[in-house]
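Engineer: Chain A is fixed; fit chains B, C and D onto it per the hints.
Taken in order, these protein sequences are the chains called A, B, C and D.
As numbered in the numbering used here, residues 1 to 289 make up the first sequence, in order.
As numbered in the numbering used here, residues 1 to 289 make up the second sequence, in order.
As numbered in the numbering used here, residues 1 to 289 make up the third sequence, in order.
As numbered in the numbering used here, residues 1 to 289 make up the fourth sequence, in order.
One should not assume that every hint holds.
Any copy, or any two copies together, can satisfy a pair, since identical chains are not distinguished.
Dumping the calculated DSS-like pairs for lysine-lysine here, alpha-carbon to alpha-carbon at most 25 Å [claimed, not checked]:
1. LYS165 to LYS184
2. LYS253 to LYS18
3. LYS24 to LYS79
4. LYS24 to LYS60
5. LYS257 to LYS48
6. LYS48 to LYS60
7. LYS253 to LYS101
8. LYS153 to LYS101
9. LYS184 to LYS153
10. LYS138 to LYS101
11. LYS133 to LYS166
Read the hints as simulated data drawn from the structure, not as lab findings.
There are 4 protein chains.
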Amino acid sequence: MPDKLNNTAIILMHCPDKQGIVAKITEFLDNNNGNIIYLEQHVDHQEKIFFMRVQWELDKFLIPREKIADFFGTQIAAKYNMSWRIYFPDEPPRMAIFVSKFSHCLYDILARVHSGEWNVEVPLIISNHNDLKNVAEKFSIPFHCFPVNNSNKADVEEKELALLKKHNINFIVLARYMQIVSDKIINDYPNRIINIHHSFLPAFPGAKPYHSAYERGVKIIGATSHYVTTELDAGPIIEQDVSRISHTDSIEKIIRKGKDLEKIVLSRAVLLHLQRRTLVYNNRTIVFG
Amino acid sequence: MPDKLNNTAIILMHCPDKQGIVAKITEFLDNNNGNIIYLEQHVDHQEKIFFMRVQWELDKFLIPREKIADFFGTQIAAKYNMSWRIYFPDEPPRMAIFVSKFSHCLYDILARVHSGEWNVEVPLIISNHNDLKNVAEKFSIPFHCFPVNNSNKADVEEKELALLKKHNINFIVLARYMQIVSDKIINDYPNRIINIHHSFLPAFPGAKPYHSAYERGVKIIGATSHYVTTELDAGPIIEQDVSRISHTDSIEKIIRKGKDLEKIVLSRAVLLHLQRRTLVYNNRTIVFG
Amino acid sequence: MPDKLNNTAIILMHCPDKQGIVAKITEFLDNNNGNIIYLEQHVDHQEKIFFMRVQWELDKFLIPREKIADFFGTQIAAKYNMSWRIYFPDEPPRMAIFVSKFSHCLYDILARVHSGEWNVEVPLIISNHNDLKNVAEKFSIPFHCFPVNNSNKADVEEKELALLKKHNINFIVLARYMQIVSDKIINDYPNRIINIHHSFLPAFPGAKPYHSAYERGVKIIGATSHYVTTELDAGPIIEQDVSRISHTDSIEKIIRKGKDLEKIVLSRAVLLHLQRRTLVYNNRTIVFG
Amino acid sequence: MPDKLNNTAIILMHCPDKQGIVAKITEFLDNNNGNIIYLEQHVDHQEKIFFMRVQWELDKFLIPREKIADFFGTQIAAKYNMSWRIYFPDEPPRMAIFVSKFSHCLYDILARVHSGEWNVEVPLIISNHNDLKNVAEKFSIPFHCFPVNNSNKADVEEKELALLKKHNINFIVLARYMQIVSDKIINDYPNRIINIHHSFLPAFPGAKPYHSAYERGVKIIGATSHYVTTELDAGPIIEQDVSRISHTDSIEKIIRKGKDLEKIVLSRAVLLHLQRRTLVYNNRTIVFG
Numbered sequence: 001m002p003d004k005l006n007n008t009a010i011i012l013m014h015c016p017d018k019q020g021i022v023a024k025i026t027e028f029l030d031n032n033n034g035n036i037i038y039l040e041q042h043v044d045h046q047e048k049i050f051f052m053r054v055q056w057e058l059d060k061f062l063i064p065r066e067k068i069a070d071f072f073g074t075q076i077a078a079k080y081n082m083s084w085r086i087y088f089p090d091e092p093p094r095m096a097i098f099v100s101k102f103s104h105c106l107y108d109i110l111a112r113v114h115s116g117e118w119n120v121e122v123p124l125i126i127s128n129h130n131d132l133k134n135v136a137e138k139f140s141i142p143f144h145c146f147p148v149n150n151s152n153k154a155d156v157e158e159k160e161l162a163l164l165k166k167h168n169i170n171f172i173v174l175a176r177y178m179q180i181v182s183d184k185i186i187n188d189y190p191n192r193i194i195n196i197h198h199s200f201l202p203a204f205p206g207a208k209p210y211h212s213a214y215e216r217g218v219k220i221i222g223a224t225s226h227y228v229t230t231e232l233d234a235g236p237i238i239e240q241d242v243s244r245i246s247h248t249d250s251i252e253k254i255i256r257k258g259k260d261l262e263k264i265v266l267s268r269a270v271l272l273h274l275q276r277r278t279l280v281y282n283n284r285t286i287v288f289g
Numbered sequence: 001m002p003d004k005l006n007n008t009a010i011i012l013m014h015c016p017d018k019q020g021i022v023a024k025i026t027e028f029l030d031n032n033n034g035n036i037i038y039l040e041q042h043v044d045h046q047e048k049i050f051f052m053r054v055q056w057e058l059d060k061f062l063i064p065r066e067k068i069a070d071f072f073g074t075q076i077a078a079k080y081n082m083s084w085r086i087y088f089p090d091e092p093p094r095m096a097i098f099v100s101k102f103s104h105c106l107y108d109i110l111a112r113v114h115s116g117e118w119n120v121e122v123p124l125i126i127s128n129h130n131d132l133k134n135v136a137e138k139f140s141i142p143f144h145c146f147p148v149n150n151s152n153k154a155d156v157e158e159k160e161l162a163l164l165k166k167h168n169i170n171f172i173v174l175a176r177y178m179q180i181v182s183d184k185i186i187n188d189y190p191n192r193i194i195n196i197h198h199s200f201l202p203a204f205p206g207a208k209p210y211h212s213a214y215e216r217g218v219k220i221i222g223a224t225s226h227y228v229t230t231e232l233d234a235g236p237i238i239e240q241d242v243s244r245i246s247h248t249d250s251i252e253k254i255i256r257k258g259k260d261l262e263k264i265v266l267s268r269a270v271l272l273h274l275q276r277r278t279l280v281y282n283n284r285t286i287v288f289g
Numbered sequence: 001m002p003d004k005l006n007n008t009a010i011i012l013m014h015c016p017d018k019q020g021i022v023a024k025i026t027e028f029l030d031n032n033n034g035n036i037i038y039l040e041q042h043v044d045h046q047e048k049i050f051f052m053r054v055q056w057e058l059d060k061f062l063i064p065r066e067k068i069a070d071f072f073g074t075q076i077a078a079k080y081n082m083s084w085r086i087y088f089p090d091e092p093p094r095m096a097i098f099v100s101k102f103s104h105c106l107y108d109i110l111a112r113v114h115s116g117e118w119n120v121e122v123p124l125i126i127s128n129h130n131d132l133k134n135v136a137e138k139f140s141i142p143f144h145c146f147p148v149n150n151s152n153k154a155d156v157e158e159k160e161l162a163l164l165k166k167h168n169i170n171f172i173v174l175a176r177y178m179q180i181v182s183d184k185i186i187n188d189y190p191n192r193i194i195n196i197h198h199s200f201l202p203a204f205p206g207a208k209p210y211h212s213a214y215e216r217g218v219k220i221i222g223a224t225s226h227y228v229t230t231e232l233d234a235g236p237i238i239e240q241d242v243s244r245i246s247h248t249d250s251i252e253k254i255i256r257k258g259k260d261l262e263k264i265v266l267s268r269a270v271l272l273h274l275q276r277r278t279l280v281y282n283n284r285t286i287v288f289g
Numbered sequence: 001m002p003d004k005l006n007n008t009a010i011i012l013m014h015c016p017d018k019q020g021i022v023a024k025i026t027e028f029l030d031n032n033n034g035n036i037i038y039l040e041q042h043v044d045h046q047e048k049i050f051f052m053r054v055q056w057e058l059d060k061f062l063i064p065r066e067k068i069a070d071f072f073g074t075q076i077a078a079k080y081n082m083s084w085r086i087y088f089p090d091e092p093p094r095m096a097i098f099v100s101k102f103s104h105c106l107y108d109i110l111a112r113v114h115s116g117e118w119n120v121e122v123p124l125i126i127s128n129h130n131d132l133k134n135v136a137e138k139f140s141i142p143f144h145c146f147p148v149n150n151s152n153k154a155d156v157e158e159k160e161l162a163l164l165k166k167h168n169i170n171f172i173v174l175a176r177y178m179q180i181v182s183d184k185i186i187n188d189y190p191n192r193i194i195n196i197h198h199s200f201l202p203a204f205p206g207a208k209p210y211h212s213a214y215e216r217g218v219k220i221i222g223a224t225s226h227y228v229t230t231e232l233d234a235g236p237i238i239e240q241d242v243s244r245i246s247h248t249d250s251i252e253k254i255i256r257k258g259k260d261l262e263k264i265v266l267s268r269a270v271l272l273h274l275q276r277r278t279l280v281y282n283n284r285t286i287v288f289g
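Next up, chain A with everything else stripped away, as it sits in the complex (with noise of 0.2 Å):
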């Protein structure tokens, strides 16, 4: 397993900045045995905010697992005004993926799931296509198939958002999912559903970037992964990655391309989510290394 992960808790927060922070924290879980693995902290010294990610071990630490939130946020996070959460790398989180049309996303992520090189649970894949149904089955995931039009786009999401209550999903990914999410889901899963968009944001938001990329004759194509807000490809970005073209590439050439690109870039921001790296602070994330 690349890190460590039984028996162990991670603490993402931030809060206003102010002198002796790092200390208080460092310092309750130093006096209640807790040793730490990983510390990352960062001061944006614009908005005068204090971030914070640690982890620690939890074999020796005074305080049951059940009870950490408990003893955190009475006697360090309401103090510092903090937004915080506790993770245990442990307990696997709970993942749906959306697809349409386009394997290569899919088949990215189900690889990685299946070779055990990421510690998750995928429940089901949901998609308004049947195309890559036969995709679901080679891994043996659920797949259900809702096909949207104007007329049954509201009660469609009705029975998605249900599916994903009833499996208990913590967070979504949109594997080049060709349906504008609804406000609906996304209020409910702030910050917690991943977009690839196959273009360097925020060039080119909406609909045929590669087309536009090719007609304005750009050196460079990039693809964005990113949390979904309510406004279209505005969401704070987890990572970004680009490629070199040329003259010579013709607009087929720039979509097969830019697919290793989207692949390889939304499987960065998954992992870098299911590691508990990221925050997100003014429609901006910490993604801490």
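Structural biologist: Same frame as chain A, but now just chains B, C and D:
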């Protein structure tokens, strides 16, 4: 000298695509004892346009240098309705540099010129501020300062244009020149004014792109060198490159990283232009390797 | 389909450089009503060798498909002492995949084949372990397992070779195959066995390159795809790429980042081979765009 | 100014890892009214070593600047068996530059120094040739030329060392200095001599790496900046970067592309050193962001 420059000729051309064009051009050169040292061609299959760059030795070429344009124009170019130009690499072009207050691009260019890395002449530097006069003096290049304000803009441009003509300037490099160049100058130097814009165009055109990049929370910044057209930051892109940033990068750090991108991208674009590797069609460039 | 494949021919060739070669080849095609759709040439001015890849339409070509080799060979190739091959893109090549225990490259390849991204047939997968049998089965590709030990190596290779011949295999991809391929097989498939090595060759050849990279403290890791020759990790390089690492990356993280590099670099190399864009000369590749 | 420099202190340290170290250090700073502006820590879990860089404001710090080393050393560092150093960013270090004949790195450095991009003093340039004297003169920096031959090498180094001492030089930059620095100088400036090697180390150490890269047919070239140790090209790597090449790149073109890499990679490494972001352990660097 990196490439063979002495006693060779380069033709850059494009025309409607037609079967047999390469055969006819290469046969013309071969029949006249012209040994081809570089040949690159490209067909835009969407627009059905043929592009070519060919460089050949003049040592045994039957047609004397000053008559090549006439012979090629009459026997080949007219027949295929070509747009074309001929260049002799041993006749270095004359470049003007426009600057304002930032020195990094100017230093990068002058260091290359001074060390003999580029085959070009720089008869003058033009600026709207006096800040970089000392840099020009270090390299003994005449520095002309024209402070611009709203009332004297047209007048100043008249003087600049006269200066460019007087010095037989072939092309202009805007090395972080912080003024908008007038349509008059642009139309006099079509596809011969090279600008560096400090963003990954078409993202963040206009003023303060690094601040916009910071606000949007992108994970990669870029720089774009393009030929100047009358539409701001929308001309044909010659070269782009990018650099990774993270939440730890303040705007000041982004600007510092960006400067390294800007100078390298601009210098690459200038070299491509100097080597006659660029062709413009439909507001996009063909850049031969 | 990304590139025009139906009813075209590709010639890949090299020969001693001589004035007029391009003219003669393109004249041959033009005279026989062959419309060129792609042409790339390269002259190695140091070795004085001419290289070319040309693709043309067969629709109106006067010479029938089965006679082109005879006509071109007799009238052109012999005269210029060419090494050359002709390919018809609508006749997909047959590829064998060799694997051991890592699934990432295999999944990446099979997902591309299955989704129709590549124009290739995969009649079989060969392995020295049974671990990836389930992956082959997902895609319904026959999986042949030959456990290798010191005493049966020669015997096993005999059987593998028989299998390759029986299935008319044109080229082999070693998708993280952890055995050294015998000289016998290499000599039967010259420049037709593609390997992926998990380092930036020539740095870190041989075993455990990621561990060596970690020990040396490099800031960038790489992956290299090359044609296999009888000298280990020393064959002609087709494609390389790199990824940034830092002191925060443990060996496990380096291996994880490396896997993404490996699969993308290998797949790019396989595609270049499939599209007949690679030529080998003096243990180096010419890779036409 | 990019980072806050006035009236702050930086401590760089490493020691055997132990529970509670971060708490103790940050408590020490907090108790003495030191507001932390940057804190980065890293644990090498394999070697069980703790590394840290912390920068804090001195404005209200109870301990006066000249006594911090004594207080911190006595109360904290001794207890944890730390190797550590303290720096005050408003006291710029003094840098010597060694050059030979290539000007690109020297220009890049001097342009940054002259424009105020770096907070450093450059009291002298040392060379074994007179070629770059004119560059030094442009920037009014004393240039000392010591032609080296087999018989006078030891003598020359004695003089160079005397010069370095006389000018209180803190660290040395070898900006394409084509001589091997003696063990004597290396031992006097441990991890304080920064070299640029024109390859992607450990590939192609020693002389003529671009020629070797061309011969091997790599698809990517690199440059490596490292601290100089007594083993040639084997010191701790600070920074590396790469650039794509192809079969169309002659050795001359590779050298030209490489020069751009060299100067940028060297300048990035010098800046990291100037900002006290580098720590060396076991011949590897920790480079804090």
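Engineer: Against this structure, judge whether each hint is valid.
Structural biologist: Verification of the hints:
no.	hint	result
1	LYS165 to LYS184	within (13 Å within a copy, 59 Å between copies)
2	LYS253 to LYS18	between (52 Å within a copy, 23 Å between copies)
3	LYS24 to LYS79	both (11 Å within a copy, 21 Å between copies)
4	LYS24 to LYS60	both (20 Å within a copy, 20 Å between copies)
5	LYS257 to LYS48	between (41 Å within a copy, 23 Å between copies)
6	LYS48 to LYS60	between (35 Å within a copy, 19 Å between copies)
7	LYS253 to LYS101	within (19 Å within a copy, 32 Å between copies)
8	LYS153 to LYS101	within (18 Å within a copy, 45 Å between copies)
9	LYS184 to LYS153	within (12 Å within a copy, 55 Å between copies)
10	LYS138 to LYS101	both (16 Å within a copy, 19 Å between copies)
11	LYS133 to LYS166	within (21 Å within a copy, 34 Å between copies)
Checked against the numbered hints listed earlier, the structure breaks none of them; every hint is satisfied.
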